Amino acid sequence: MTASRLSGWINLLLGGWLVATPVMANDMAGPDYHIQGFAAQGLIGSTNNNFFGKSRDDVSTEFTEAGLHGMWRPLASLSLSGQLLYRQAGATDEDGLRLDYAQADWQFVNTDATQLGIKLGKVKLPYGLYNETRDVPFTRPGILLPQSVYLDNSRDLLIAAPGVFLHGSHVHDYGTIDYSIGWIRPNFGSESVEYSFLGNTRPGKLKGQDSLASRLRWDTPTDSTLMLTYVDTRIDYAPGRTDTLNAGNIHFRNLLATVQQRLGTVTLTAEYGEPRGEFNDFGAALPNNVRTAQGLYLQGEWRFAPAWEVMLRHELIYRDKTDKSGRRFQAATGLPAHTMYMRDWVMGLRWDVTPSLMLRTEYHHLNGTGLLPGPDNPNFFSREQRWNMWLLQAAYRF
Amino acid sequence: MNAHKLIRQLFVWILLSAPLVASAGVIAHPGVGVSTLSSASLRNIYTLRQTQWPNRLAIVIFVLPDDHPVHETFSKEKLGMYPYRLRQTWDRLSFSGMAKAPIEVRDEQEMLAQVRSTPGAIGYTSKDISYDGIKIIRLD
Numbered sequence: 001m002t003a004s005r006l007s008g009w010i011n012l013l014l015g016g017w018l019v020a021t022p023v024m025a026n027d028m029a030g031p032d033y034h035i036q037g038f039a040a041q042g043l044i045g046s047t048n049n050n051f052f053g054k055s056r057d058d059v060s061t062e063f064t065e066a067g068l069h070g071m072w073r074p075l076a077s078l079s080l081s082g083q084l085l086y087r088q089a090g091a092t093d094e095d096g097l098r099l100d101y102a103q104a105d106w107q108f109v110n111t112d113a114t115q116l117g118i119k120l121g122k123v124k125l126p127y128g129l130y131n132e133t134r135d136v137p138f139t140r141p142g143i144l145l146p147q148s149v150y151l152d153n154s155r156d157l158l159i160a161a162p163g164v165f166l167h168g169s170h171v172h173d174y175g176t177i178d179y180s181i182g183w184i185r186p187n188f189g190s191e192s193v194e195y196s197f198l199g200n201t202r203p204g205k206l207k208g209q210d211s212l213a214s215r216l217r218w219d220t221p222t223d224s225t226l227m228l229t230y231v232d233t234r235i236d237y238a239p240g241r242t243d244t245l246n247a248g249n250i251h252f253r254n255l256l257a258t259v260q261q262r263l264g265t266v267t268l269t270a271e272y273g274e275p276r277g278e279f280n281d282f283g284a285a286l287p288n289n290v291r292t293a294q295g296l297y298l299q300g301e302w303r304f305a306p307a308w309e310v311m312l313r314h315e316l317i318y319r320d321k322t323d324k325s326g327r328r329f330q331a332a333t334g335l336p337a338h339t340m341y342m343r344d345w346v347m348g349l350r351w352d353v354t355p356s357l358m359l360r361t362e363y364h365h366l367n368g369t370g371l372l373p374g375p376d377n378p379n380f381f382s383r384e385q386r387w388n389m390w391l392l393q394a395a396y397r398f
Numbered sequence: 001m002n003a004h005k006l007i008r009q010l011f012v013w014i015l016l017s018a019p020l021v022a023s024a025g026v027i028a029h030p031g032v033g034v035s036t037l038s039s040a041s042l043r044n045i046y047t048l049r050q051t052q053w054p055n056r057l058a059i060v061i062f063v064l065p066d067d068h069p070v071h072e073t074f075s076k077e078k079l080g081m082y083p084y085r086l087r088q089t090w091d092r093l094s095f096s097g098m099a100k101a102p103i104e105v106r107d108e109q110e111m112l113a114q115v116r117s118t119p120g121a122i123g124y125t126s127k128d129i130s131y132d133g134i135k136i137i138r139l140d
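Which chain is which? The protein sequence lines are A and B, in order.
The first sequence: position 142 = 142 (my numbering), numbered continuously.
The second sequence: position 102 = 102 (my numbering), numbered continuously.
Don't read these hints as lab results, they were simulated from the structure.
Remember, it's a predicted structure, so these values are computed and weren't measured experimentally.
There's no promise every hint is true.
What the hints assert, rightly or not - Computed cross-link-like contacts, DMTMM-like style, restricted to lysine to aspartate or glutamate with a CA-CA straight-line distance of at most 25 Å:
hint, chain 1, residue 1, chain 2, residue 2
1, A, Lys54, A, Asp232
2, B, Lys127, B, Asp140
3, A, Lys321, A, Asp281
4, A, Lys207, A, Glu191
5, B, Lys127, B, Glu108
6, B, Lys76, A, Asp219
7, A, Lys205, A, Asp281
8, B, Lys76, A, Glu94
9, B, Lys76, A, Asp281
10, B, Lys78, A, Asp281
11, A, Lys205, A, Asp232
12, A, Lys207, A, Asp178
13, A, Lys122, A, Glu94
14, B, Lys78, A, Asp178
15, A, Lys205, A, Asp236
16, A, Lys122, B, Asp91
17, B, Lys78, A, Asp232
18, B, Lys127, B, Glu72
19, B, Lys76, A, Glu301
20, A, Lys205, A, Glu191
21, B, Lys78, A, Asp173
22, B, Lys76, A, Asp173
23, A, Lys207, A, Glu301
24, B, Lys78, A, Asp223
25, B, Lys127, B, Asp91
26, A, Lys207, A, Asp223
Stated by the list, open to error - Which stretches of chain A does chain B cover? Using the computed rule of at least three CB atoms under 8 Å from a CB of chain B, they are:
hint, region
27, 30 to 37
28, 80 to 89
29, 131 to 139
Using N, Cα and C, we set each Cβ at its ideal position, and we do this for glycine too.
Bound-form chain A, shown alone:
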């Protein structure tokens, strides 16, 4: 059975099950357990480049998300939680059904002012505002997350990983402080991650080593959020049998700063990151180098009626902050300069038809292909600098 036929079947099954269960929804929560889920289908059309399937001058239906989430709290201080996720996103994600995460969380301090706990397992990674629930459509500010910070190309890396975290929070007159710091083994095994780190799929394998992930968040009494995320990781490359690359390694770091201000029904958000990759010992085909990228977005959301929200966002990414125009890259590689940057104007509209059904639409006006999904656009030279994209999404929750 082909992937798309399989996805059709899963849609049908999930759909049938969702329609058949509203009466049951009440029984899906008890004092010590809770089950919830969602299913969403998107439509994507674009000019000049593909995004999540064959969307160029066409309509792609290859953006499907569904999740089943469960939490069990056997003791007041212990909770076990996990999520099964079905996702298809064009050629960038054809994995279908997978275990998204599964973790145990022990809160050994819990007073009304201070919480302290340890979580371990395949854990959700703290990264910026939206990463931990990036696949739950209702929690995102738009159909797509800002690509400049939450690169879908690197989602496998950011989504969840085996590890252990110490996390805590403290409530005080000056607001609330949340922090988490942990050790993880990130997943570099996916094709998209290989694309974004090595420029193409390679015969060998990237393997994540011991890594540090941390985040500090301050919510002030004036409805502002200030946050810093820091990730430090090392990736080793195991070359394939016929490989132009040697057994090199990458030292990858990212510092992400977040600011959000909530004013009544208006939410203003900005996030800025500087991912930095240091490439060593790959041999002549990929000389030693250090490259720092820049990603930024500014976003406004306005809930102008209880069930309606508009969103306006501007984002930009430079894959090399010393070569923003990409001209040096073009001179060195012969590849198009516009693959080194991307600027995007986004307008979105959200309608919560009922508390469990959401409809969304979104329009993107883009300059550059810096974050274009590689697997959907395998030919570098058929990628075009200027393109537009619209999306529609229906999402159901239970």
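Given the coordinates of chain A, assemble chain B onto it according to the supplied hints.
Same frame as chain A, but now just chain B:
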């Protein structure tokens, strides 16, 4: 009826109806061990930060649907939050495994029944009156 009189009647109507709408009362299971909560504690509980009562019992949160008028009143008046922001907080914390989402009940009847029968339960109703087997929580 002249316009002046109409406006005065309207004004009286608003004054009368406001306390009725705003009187969402906080209720809890008798075993929770407290009878007063600060506004900050109530907000900590409903934003899923505080998960245990002082006597170590796990807090079980009950809510009405997002578009229920009593929920809207409770959310805005008692927590100082728009219902959609509250929902976002619950979604982000629960789907990431950081906290257990509140349990949604259909109506006030079910709210009363659940809070009465669930140890550690907290909830709210539109009327600040006492019910058998349910504790009224005063806010200070």
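We went through each hint and held it up to the structure:
1. A:Lys54 / A:Asp232: violated (35 Å)
2. B:Lys127 / B:Asp140: Holds: Lys127 (chain B) and Asp140 (chain B) sit about 18 Å apart, inside 25 Å.
3. A:Lys321 / A:Asp281: holds (23 Å)
4. A:Lys207 / A:Glu191: holds (12 Å)
5. B:Lys127 / B:Glu108: holds (10 Å)
6. B:Lys76 / A:Asp219: This hinted pair holds, its Cα atoms lying about 19 Å apart.
7. A:Lys205 / A:Asp281: holds (15 Å)
8. B:Lys76 / A:Glu94: Given that 25 Å is the threshold and the Cα spacing comes to 43 Å, the pair is violated.
9. B:Lys76 / A:Asp281: violated (59 Å)
10. B:Lys78 / A:Asp281: Distance ~60 Å between Lys78 (chain B) and Asp281 (chain A) Cα, so the pair is violated.
11. A:Lys205 / A:Asp232: At roughly 20 Å apart (the allowed maximum being 25 Å), Asp232 (chain A) and Lys205 (chain A) satisfy the hint.
12. A:Lys207 / A:Asp178: violated (30 Å)
13. A:Lys122 / A:Glu94: Distance of about 21 Å is within 25 Å: holds.
14. B:Lys78 / A:Asp178: holds (24 Å)
15. A:Lys205 / A:Asp236: holds (8 Å)
16. A:Lys122 / B:Asp91: The given pair, whose Cα atoms are some 20 Å apart, holds under the 25 Å limit.
17. B:Lys78 / A:Asp232: violated (42 Å)
18. B:Lys127 / B:Glu72: holds (14 Å)
19. B:Lys76 / A:Glu301: holds (19 Å)
20. A:Lys205 / A:Glu191: holds (10 Å)
21. B:Lys78 / A:Asp173: Roughly 18 Å between the alpha carbons, so the hint for Lys78 (chain B) and Asp173 (chain A) holds.
22. B:Lys76 / A:Asp173: At roughly 21 Å apart (the allowed maximum being 25 Å), Asp173 (chain A) and Lys76 (chain B) satisfy the hint.
23. A:Lys207 / A:Glu301: violated (39 Å)
24. B:Lys78 / A:Asp223: holds (16 Å)
25. B:Lys127 / B:Asp91: violated (28 Å)
26. A:Lys207 / A:Asp223: Distance of about 41 Å is beyond 25 Å: violated.
27. 30 to 37: Contact hint for the region 30 to 37 of chain A vs chain B: holds, 5 residues under 8 Å.
28. 80 to 89: As far as the region 80 to 89 of chain A goes, the hint holds, because 3 residues have Cβ atoms under 8 Å from chain B.
29. 131 to 139: holds (count 5)
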